[in-house]
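Given these sequences and hints, build the entire structure.
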Amino acid sequence: MNSEINFNAILTHLSKHAVERFKQRIGYEFSIYEIKQFIYRELIGWPISYSMNNRDYYILPDVTYVMSNHRVVTLYLHH
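With the working numbering applied, the sequence shown closes on residue 166, and no number is skipped along the way.
Since the hints were made in silico from the structure, they are not lab data.
Don't take every hint at face value.
List time: in silico SDA-like cross-link candidates among lysine to any residue, alpha-carbon distance up to 25 Å [what the hints assert, rightly or not]:
#1 Lys110 with Leu164
#2 Lys103 with Tyr127
#3 Lys103 with Gly114
#4 Lys103 with Ile113
Structure, rendered in structure tokens:
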């Protein structure tokens, strides 16, 4: 998988599930655009931790983002 994060891809390819997970775990006060900007800033320059079943997993200190075909499909907060 390509480790390059494309902001335009994130802007157009953020799943509804990922948006809901973000709002539930981080906050409802953010617009869709702000969520996309936030995720992009989190992922820019961050290497893929691993890939499995056509999904890329980006494990950051507080959250894991799961991407498939340059689309953020979900995220998990670390406890």
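Consistency of the hints with the structure:
no.: 1; hint: Lys110 with Leu164; verdict: 12 Å, holds
no.: 2; hint: Lys103 with Tyr127; verdict: 16 Å, holds
no.: 3; hint: Lys103 with Gly114; verdict: 15 Å, holds
no.: 4; hint: Lys103 with Ile113; verdict: 15 Å, holds
Comparing the model with each earlier hint shows no violations; every hint is respected.
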